[in-house]
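Novice: Sequence:
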Amino acid sequence: MATELSKIRNFSIIAHIDHGKSTLADRLIQRTGGLSEREMSSQVLDNMDIEKERGITIKAQTVRLDWKGHVLNLMDTPGHVDFAYEVSRSLAACEGALLVVDAAQGVEAQTLANVYQSIEHDHEIIPVINKIDLPSAEPEKVRNEIEEIIGLDASNAVLASAKSGIGIDEILDAIVERIPAPKGDPDAPLKAMLVDSWYDPYLGVVILVRVIDGTIRKGQQIKFMAAGTTHLIDRVGAFRPKIEQLPDLGPGEIGFITAQIKEVAQARVGDTLTDAKRPTAAPLEGFKEVQPVVFCGLFPVDAADFEKLRESISKLRLNDASFSFEMETSAALGFGFRCGFLGLLHLEIIQERLSREYDLDLITTAPSVVYKMRLTKAAGEAEGKSIELHNPADMPDPNRIEEIEEPWIKAVIYVPDEYLGSILKLCQDRRGIQRDLTYVGGRAQLTYELPLNEVVFDFYDRLKSISRGYASFDYEQIGHRPGDLVKMGILVNNEPVDALSMIVHRSTAEARGRGMCERLKDLIPRHLFKIPIQAAIGGKVIARETIAAMRKDVTAKCYGGDATRKRKLLEKQKEGKKRMREYGSVQIPQEAFIAALRMGEE
1 MATELSKIRN FSIIAHIDHG KSTLADRLIQ RTGGLSEREM SSQVLDNMDI EKERGITIKA
61 QTVRLDWKGH VLNLMDTPGH VDFAYEVSRS LAACEGALLV VDAAQGVEAQ TLANVYQSIE
121 HDHEIIPVIN KIDLPSAEPE KVRNEIEEII GLDASNAVLA SAKSGIGIDE ILDAIVERIP
181 APKGDPDAPL KAMLVDSWYD PYLGVVILVR VIDGTIRKGQ QIKFMAAGTT HLIDRVGAFR
241 PKIEQLPDLG PGEIGFITAQ IKEVAQARVG DTLTDAKRPT AAPLEGFKEV QPVVFCGLFP
301 VDAADFEKLR ESISKLRLND ASFSFEMETS AALGFGFRCG FLGLLHLEII QERLSREYDL
361 DLITTAPSVV YKMRLTKAAG EAEGKSIELH NPADMPDPNR IEEIEEPWIK AVIYVPDEYL
421 GSILKLCQDR RGIQRDLTYV GGRAQLTYEL PLNEVVFDFY DRLKSISRGY ASFDYEQIGH
481 RPGDLVKMGI LVNNEPVDAL SMIVHRSTAE ARGRGMCERL KDLIPRHLFK IPIQAAIGGK
541 VIARETIAAM RKDVTAKCYG GDATRKRKLL EKQKEGKKRM REYGSVQIPQ EAFIAALRMG
601 EE
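Residue numbers (this note's numbering): 1 to 602.
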């Protein structure tokens with residue numbers, strides 16, 4: 001029987017990375033008896049190994065708790081900027097949020113981004129100041145920061161320590177008292193939102209739903225409004241965190257269903273579910289489509305692994321609809337895939353999952369972003385075509401390009417005062433435009449507009465190392481802008497190497513090119529002939545290094561005698577080397593590619 005509306009509370013936990021969301025979720029589950037002491041482990045809701053190891057949450061998870069006659073549905077969300085879309089869809093399914101702020105670190109960039117999303121959804125927000133048992137905790141200072149920076153009343157913020165279990169009952173009581181109950185009509189036609197979907201090897205696709213109106217029950221024919229497909233429900237239930245089957249889910253409830261769906265792609269997040277026989281009038285407005293931001297090529301080190309890579313990528317795609325891929329070939333690296341990601345952390349995690357879960361050895365090409373190009377008019381065309389470019393190797397002839405636009409982002413950086421100078425310099429070096437600089441509680445808040453191309457390379461790592469890990473950074477895309485961009489190609493022995501070409505801004509091209517040539521000079525082994533390595537834009541060489549030839553001593557057997565005889569032998573050797581250079585091809589070892597592509601990490 002569905003739970004009474006007034007007894008339901010749906011809430012999510014939002015916070016910056018490492019402020020203790022997952023630990024708090026663990027304590028709440030433990031306190032409400034969701035799991036026995038024996039079954040408890042740390043980070044209960046993070047079920048991927050990689051989440052536990054890095055101590056980050058990647059997928060949003062849900063769990064149903066019971067407290068003093070109320071049903072509490074908790075959604076644990078990721079804090080990292082690459083997974084912001086996971087946060088947005090969790091928030092859409094809730095009426096309130098616990099805002100967790102670290103008592104030692106205070107409010108950070110991501111805290112802000114997530115709070116604003118929560119406010120947009122019109123949520124009741126309960127501030128929780130976590131880690132109050134740390135020696136460096138300053139709960140009063142943090143309370144003031146919440147009021148100053150976010151503008152929330154923090155006078156009744158709950159002081160807690162998720163690790164030692166302080167303040168957990170107070171948090172649960174605050175949820176019941178301060179978060180409003182959901183609204184909904186049990187007799188209206190079924191209307192439910194698809195919040196998440198993932199692939200389970202035993203159950204097929206599991207769909208997480210939030211019921212708005214009506215009731216969803218076992219054996220019911222449902223229709224996905226956006227996809228237009230109908231399915232028969234064979235299981236309805238909730239996670240407490242263990243699976244518990246239920247006869248039905250009523251309005252305001254969050255639970256899961258399975259309906260013999262084979263592919264996650266059929267269950268698009270944000271779709272509206274309704275009764276096939278008695279559909280609802282209008283679908284819910286859903287979420288914006290997730291757009292990949294960073295692209296890079298993934299190639300198997302051993303060409304024989306290509307089929308295995310194809311299979312593994314398809315399996316990963318089952319559980320991560322935000323990741324896209326298409327096949328591509330490269331003269332240097334063979335067959336592989338061009339993949340799109342939400343950001344660099346997303347790229348790193350997919351790569352790590354491929355190597356760990358599927359035992360693959362991969363090479364990744366340099367990450368690049370999506371450029372928009374307007375081409376000049378061809379014969380018979382009214383106006384020039386616009387194209388999107390994902391791979392620098394596909395760039396059309398420069399004479400045909402009228403304008404290139406690159407994506408820009410607005411970045412908000414929080415940084416302690418002593419590191420401000422070097423962070424400003426980093427942003428200037430990356431072609432940033434400063435928009436704002438304010439001070440909040442002893443820390444500077446910087447707002448910059450930056451080209452995404454400069455950020456994907458190694459901006460985040462540089463930011464962290466300059467500020468000794470104290471700076472926090474959050475960004476959002478603000479559209480494309482025209483830029484003076486060129487394609488820099490690398491030539492080895494006058495042959496272009498497609499896998500090493502990249503799109504750069506004209507002002508930084510020379511430095512990038514020189515760095516690449518110096519790097520390759522050390523990586524490519526010497527041959528019997530001289531090898532020039534050049535970085536070129538179009539036909540103009542902007543940097544060059546030369547690998548000297550190995551020399552065989554052909555005059556060893558000429559002792560004494562005539563000097564012209566030695567010269568004759570050396571001339572003959574020279575001729576041979578010249579001819580060899582015309583026909584000889586340079587062997588570039590695989591390691592050289594991998595190392596050259598990692599150039600940005602220096």
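Calculated directly from the structure, the hints in this document are not laboratory data.
Fair warning: there could be bad hints in the mix.
What the hints assert, rightly or not - Computed beta-carbon distance windows for the label pairs:
no., residue 1, residue 2, range
1, Pro-532, Ala-511, 30 to 40 Å
2, Asp-397, Asp-302, 29 to 39 Å
3, Ala-378, Asp-553, 52 to 62 Å
4, Asp-185, Leu-232, 21 to 31 Å
Stated by the list, open to error - Think about it this way: if two alpha-carbon atoms lie no more than 30 Å apart in a straight line, the pair counts; the simulated BS3-like pairs of lysine-lysine are:
no., residue 1, residue 2
5, Lys-7, Lys-218
6, Lys-557, Lys-572
7, Lys-540, Lys-557
8, Lys-242, Lys-141
9, Lys-566, Lys-540
10, Lys-410, Lys-385
11, Lys-223, Lys-68
12, Lys-530, Lys-464
13, Lys-530, Lys-568
14, Lys-552, Lys-574
15, Lys-372, Lys-385
16, Lys-315, Lys-223
17, Lys-163, Lys-223
18, Lys-557, Lys-530
19, Lys-377, Lys-410
20, Lys-425, Lys-410
21, Lys-262, Lys-315
22, Lys-163, Lys-183
23, Lys-7, Lys-163
24, Lys-568, Lys-540
25, Lys-183, Lys-315
26, Lys-218, Lys-372
27, Lys-540, Lys-552
28, Lys-183, Lys-218
29, Lys-521, Lys-572
30, Lys-572, Lys-540
31, Lys-183, Lys-141
For every residue, glycine included, the Cβ atom is placed at its ideal position computed from N, Cα and C.
Novice: Could you work out which of the previously given hints the structure breaks and list their numbers from low to high?
Specialist: 1, 7, 8, 9, 11, 12, 17, 19, 22, 24, 25, 26, 27, 30, 31
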